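Visitor: Going down the list, the sequences are from chains B and F. Note that our numbering has the first sequence beginning at 1, numbered continuously upward. Note that our numbering has the second sequence beginning at 1, numbered continuously upward.
No wet-lab data here; the hints were simulated from the structure. Be careful, since some hints might not be right.
Taking beta-carbon pairs under 7 Å as the criterion, some of the chain F residues facing chain B (in silico) [unchecked claim]:
{"#": "1", "residue": "T333"}
{"#": "2", "residue": "L354"}
{"#": "3", "residue": "S358"}
{"#": "4", "residue": "I467"}
{"#": "5", "residue": "S488"}
{"#": "6", "residue": "K520"}
{"#": "7", "residue": "W561"}
Computed from a predicted structure; not experimentally measured. No residue lacks a Cβ here, since even glycine has one placed at the ideal position from N, Cα and C.
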Amino acid sequence: MLELLIPQASTFAGDIDFVIELIFWIVLFWWALTQGAFCWLMFRFRRKDGVKAEYIDGSETYPKKVITWAHMAVLVFDVVIVVYAVQVWHNVKITLPPAEQTVRVIGQQWAWTFVHPGPDGELDTADDIAMNDELHLQVNTLYHYKLESKDVLHSLSIPAFRLKQDAIPGRVITGWFETTKTGDYLFQCTEICGIGHALMPARVLIETPEQHAAWMAANSPVSVAAQAPQAPVAVALGAPVQE
Amino acid sequence: MAESIPASHGDHEVGHHEEQGFVSKYLLSTDHKVIAMQYMFTGMAMAVIGGFFAYAFRMQLAFPGMDVPGWGLVTPNDYNALVTNHGAIMIFWVAMPVLIAAFGNYLIPLMVGCDDMVFPRLNRLSYQIFLLSAIVLMASFFVYGGAFGGAWTMYPPLSAKAEYSLTQLGSTIFVLAVALEFVAFLMGGINFITTAMNSRAPGMKLYDVPMVVWMIVVASILFMASVGPLIAGAIMLLFDQNLGTAFFDPDRAGDPILWQHLFWFFGHPEVYVVLLPATGIVAEVITTFSRKKLLAYRTILYTVFGTGVLSFTVWAHHQFVAGIDPRMAHVFTVTTLLISVPIAEMMFVYIGTLYGGSIQYTTPMLWALGFLVTFLIGGVTGIFLGASGADIYFHDTYFVLAHFHYTFFPIAIIGTFAGVTYWFPKMFGRMMNETLGKIHFWGTFIPFNAIFLPLFYLGVAGQHRRIYDYSAFPELAQYQDIRVFATSALLVMLAFQVVFLWNFFHSMFRGEKAGANPWKANSLEWAAPSPPPHGNFPDGLPECHRGPYEFSHPDREEDYWPQNQPA
Ligand SMILES: [Cu+2]
Ligand SMILES: [Cu+2]
Numbered sequence: 001m002l003e004l005l006i007p008q009a010s011t012f013a014g015d016i017d018f019v020i021e022l023i024f025w026i027v028l029f030w031w032a033l034t035q036g037a038f039c040w041l042m043f044r045f046r047r048k049d050g051v052k053a054e055y056i057d058g059s060e061t062y063p064k065k066v067i068t069w070a071h072m073a074v075l076v077f078d079v080v081i082v083v084y085a086v087q088v089w090h091n092v093k094i095t096l097p098p099a100e101q102t103v104r105v106i107g108q109q110w111a112w113t114f115v116h117p118g119p120d121g122e123l124d125t126a127d128d129i130a131m132n133d134e135l136h137l138q139v140n141t142l143y144h145y146k147l148e149s150k151d152v153l154h155s156l157s158i159p160a161f162r163l164k165q166d167a168i169p170g171r172v173i174t175g176w177f178e179t180t181k182t183g184d185y186l187f188q189c190t191e192i193c194g195i196g197h198a199l200m201p202a203r204v205l206i207e208t209p210e211q212h213a214a215w216m217a218a219n220s221p222v223s224v225a226a227q228a229p230q231a232p233v234a235v236a237l238g239a240p241v242q243e
Numbered sequence: 001m002a003e004s005i006p007a008s009h010g011d012h013e014v015g016h017h018e019e020q021g022f023v024s025k026y027l028l029s030t031d032h033k034v035i036a037m038q039y040m041f042t043g044m045a046m047a048v049i050g051g052f053f054a055y056a057f058r059m060q061l062a063f064p065g066m067d068v069p070g071w072g073l074v075t076p077n078d079y080n081a082l083v084t085n086h087g088a089i090m091i092f093w094v095a096m097p098v099l100i101a102a103f104g105n106y107l108i109p110l111m112v113g114c115d116d117m118v119f120p121r122l123n124r125l126s127y128q129i130f131l132l133s134a135i136v137l138m139a140s141f142f143v144y145g146g147a148f149g150g151a152w153t154m155y156p157p158l159s160a161k162a163e164y165s166l167t168q169l170g171s172t173i174f175v176l177a178v179a180l181e182f183v184a185f186l187m188g189g190i191n192f193i194t195t196a197m198n199s200r201a202p203g204m205k206l207y208d209v210p211m212v213v214w215m216i217v218v219a220s221i222l223f224m225a226s227v228g229p230l231i232a233g234a235i236m237l238l239f240d241q242n243l244g245t246a247f248f249d250p251d252r253a254g255d256p257i258l259w260q261h262l263f264w265f266f267g268h269p270e271v272y273v274v275l276l277p278a279t280g281i282v283a284e285v286i287t288t289f290s291r292k293k294l295l296a297y298r299t300i301l302y303t304v305f306g307t308g309v310l311s312f313t314v315w316a317h318h319q320f321v322a323g324i325d326p327r328m329a330h331v332f333t334v335t336t337l338l339i340s341v342p343i344a345e346m347m348f349v350y351i352g353t354l355y356g357g358s359i360q361y362t363t364p365m366l367w368a369l370g371f372l373v374t375f376l377i378g379g380v381t382g383i384f385l386g387a388s389g390a391d392i393y394f395h396d397t398y399f400v401l402a403h404f405h406y407t408f409f410p411i412a413i414i415g416t417f418a419g420v421t422y423w424f425p426k427m428f429g430r431m432m433n434e435t436l437g438k439i440h441f442w443g444t445f446i447p448f449n450a451i452f453l454p455l456f457y458l459g460v461a462g463q464h465r466r467i468y469d470y471s472a473f474p475e476l477a478q479y480q481d482i483r484v485f486a487t488s489a490l491l492v493m494l495a496f497q498v499v500f501l502w503n504f505f506h507s508m509f510r511g512e513k514a515g516a517n518p519w520k521a522n523s524l525e526w527a528a529p530s531p532p533p534h535g536n537f538p539d540g541l542p543e544c545h546r547g548p549y550e551f552s553h554p555d556r557e558e559d560y561w562p563q564n565q566p567a
């Protein structure tokens with residue numbers, strides 16, 4: 001249902017959609033039942049001349065039974081929802097499957113910086129590729145993200161992944177996602193972060209391995225430096241560089 | 001608690017009720033009814049301001065960059081300040097003063113059958129501090145840098161550091177105003193609880209107390225028990241802003257998440273603080289106009305106590321993705337879904353009360369039923385947000401926004417209109433116009449749904465909150481028609497409020513005279529003249545002989561049986 005509005009591009013997007021749809025049907029059932037009974041009562045017991053209302057003083061067992069039944073039923077449905085919601089939450093937010101790649105995501109007023117590991121596959125090496133407002137990922141790959149903030153709270157949100165996580169200054173929050181579909185997806189900041197909060201749209205670009213390799217070759221500071229004769233030789237040779 | 005304590009307590013200065021001049025009668029009065037009116041009119045004025053803010057930012061959302069008539073260009077700074085203050089005003093300066101302070105002050109002494117609040121001077125001081133807090137808040141729009149725009153939740157570091165918020169004075173004034181407002185309501189709360197418990201009319205047992213009084217008492221207890229941490233937090237935040245402390249500053253070993261806990265430990269019970277009085281009003285109105293006894297008085301009372309206790313254990317559902325330990329989400333999902341049980345039960349009891357009734361569709365009844373219809377939607381959509389797995393997607397989207405407007409609007413607006421139209425004859429001794437009342441009801445109810453149902457859809461489609469212009473987001477920009485539609489519905493709704501204002505002020509002076517008990521209701525306020533004079537019951541304080549909902553008793557010709565009528 002939900003994928004008609006927003007594509008699913010991570011492995012857990014479908015699980016989260018399942019919880020949402022499960023709740024939707026349960027809630028729709030309760031809403032329709034209650035609202036239906038309500039409408040019937042409003043119509044059936046409208047004032048008629050000469051008809052006095054009933055006196056139900058609370059000692060009758062019938063209304064109590066109805067309410068107890070409804071009470072138990074609500075409880076049962078609550079348990080069902082809790083079980084599924086907690087399961088999905090556990091999978092998305094608590095487990096941390098081993099990463100194939102790690103990216104660093106840094107929020108600041110008012111831009112996102114994405115640090116990609118570069119051809120060597122490791123973060124914090126000379127070939128890291130830092131980009132503003134563009135996160136390049138390879139399809140069918142399990143990523144860890146390391147989420148940081150330089151100033152105030154921001155929030156990483158990728159609707160197509162059904163993923164959201166606040167960034168907190170002073171902390172590095174690690175989480176994961178696994179890409180499933182190539183494409184160009186929306187990346188938002190969903191925590192108010194000052195007057196430029198609306199100016200933090202970014203893009204998530206999920207590429208095939210070939211596209212991704214080509215992008216990496218074109219943007220890696222090492223290879224860029226190798227093609228540029230004016231760059232310092234030490235950098236071109238991959239020697240350690242100061243940030 | 002003693003079963004009944006005589007209601008007169010002549011040891012305070014209003015024991016003698018002589019005529020007074022204008023200033024002492026209307027501005028410095030200690031009479032609970034006058035203070036109630038002060039709260040109500042201040043709340044109404046603030047509602048006009050809060051509504052105007054909503055108009056300004058909704059216009060910007062529908063027509064980005066336009067010169068909004070009455071405001072001008074809505075800059076990003078303006079936009080943030082408008083949404084922040086709209087939220088704060090509607091909750092702290094409209095829902096609280098009207099539902100708790102105005103109705104609490106007006107109804108508690110009348111409904112328990114005494115002549116005034118137990119602490120009348122404290123009551124007056126409470127209003128004066130409240131008024132001061134409102135003025136302080138409004139002042140923030142006129143200082144250098146403008147009003148605070150970091151959301152009504154005031155999360156640091158944005159709220160704590162001027163270099164981030166760019167509103168040095170605005171942020172300080174905002175926090176100060178909120179803290180002052182809390183102080184005012186602490187004083188009010190003491191009064192409501194003490195008066196309701198100690199000044200009940202002779203013969204009025206705890207189970208004879210009308211539901212709305214119980215609800216305001218429980219709400220006051222919730223408020224007083226939850227607000228302490230937030231007042232402390234607000235002072236810590238003021239220190240961080242101005243004195244260089246680092247309670248919430250991550251650069252100097254402070255913790256911004258601490259604020260979120262302090263805020264929501266209060267913030268969630270606060271939902272029930274305003275919800276309960278509204279449901280109390282609804283209980284009075286639906287019993288009166290269906291001529292039915294409340295289906296299960298004690299069940300409601302117990303669900304209210306249960307809700308109250310549980311409401312202290314759910315706060316972190318606002319923080320699932322905020323960076324708290326993710327295992328905590330399990331606990332808070334369970335408690336949050338558990339709270340749906342007592343609330344669902346309360347809804348069932350209210351709806352069940354209609355069974356076997358003789359329903360009169362008066363204006364107050366329409367509002368009360370409208371409350372149940374809208375709040376039901378607000379309640380069921382909350383399940384999506386309380387369930388941790390689903391909240392990952394919905395957090396901070398328009399789904400949340402639509403959800404809480406489906407709870408707060410029924411509470412603060414629909415519940416208030418139910419109460420105002422129901423007790424208007426008592427307050428001013430005249431009837432409101434029924435036709436205008438019904439026009440106003442439909443002119444509010446239909447546009448309300450037209451504004452917020454589409455916003456659920458936008459939330460599901462991934463539209464995130466607090467963005468002044470979506471054109472930079474291609475996936476969201478395509479929904480511009482829906483934004484224009486919601487804004488148009490808002491304009492229609494605001495236009496219909498003129499009908500209410502006309503009806504209210506015209507009826508106050510020109511309406512048909514109301515007798516003491518125009519709705520043929522049972523509770524003690526209807527035993528007093530309309531409007532009640534200073535001292536409330538000129539013929540002596542009433543005695544109570546039965547519960548407040550003895551409608552359509554089979555042994556009686558009349559279909560009502562006032563609490564004060566001897567058997
Ligand atoms: Cu932001
Ligand atoms: Cu909450």
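Visitor: Does each hint fit the structure? Answer for all of them.
Guide: Each hint tested on the structure:
At about 6 Å, the closest approach between the beta carbon of T333/F and any beta carbon in chain B falls short of 7 Å, and the interface hint on this residue holds. Interface restraint check: L354/F against chain B, minimum CB-CB distance 4 Å, threshold 7 Å, status holds. For S358/F, the suggested interface contact is upheld, since its CB lies about 4 Å from the closest CB of chain B, less than 7 Å. A hinted interface residue such as I467/F counts as satisfied when its beta carbon comes closer than 7 Å to some beta carbon of chain B; here the least separation is about 4 Å, so the hint holds.
Checking S488/F against chain B by beta carbon gives a least distance of about 23 Å; that is not within 7 Å, so the hint is violated. Given hint, K520/F at the interface with chain B, is violated; its Cβ is 12 Å from that chain's nearest Cβ, farther than 7 Å. Evaluation of the W561/F hint against chain B yields a violated restraint, the C-beta minimum of about 10 Å exceeding 7 Å.
The structure fails hints 5, 6, 7 (numbered hints given earlier, in ascending order).
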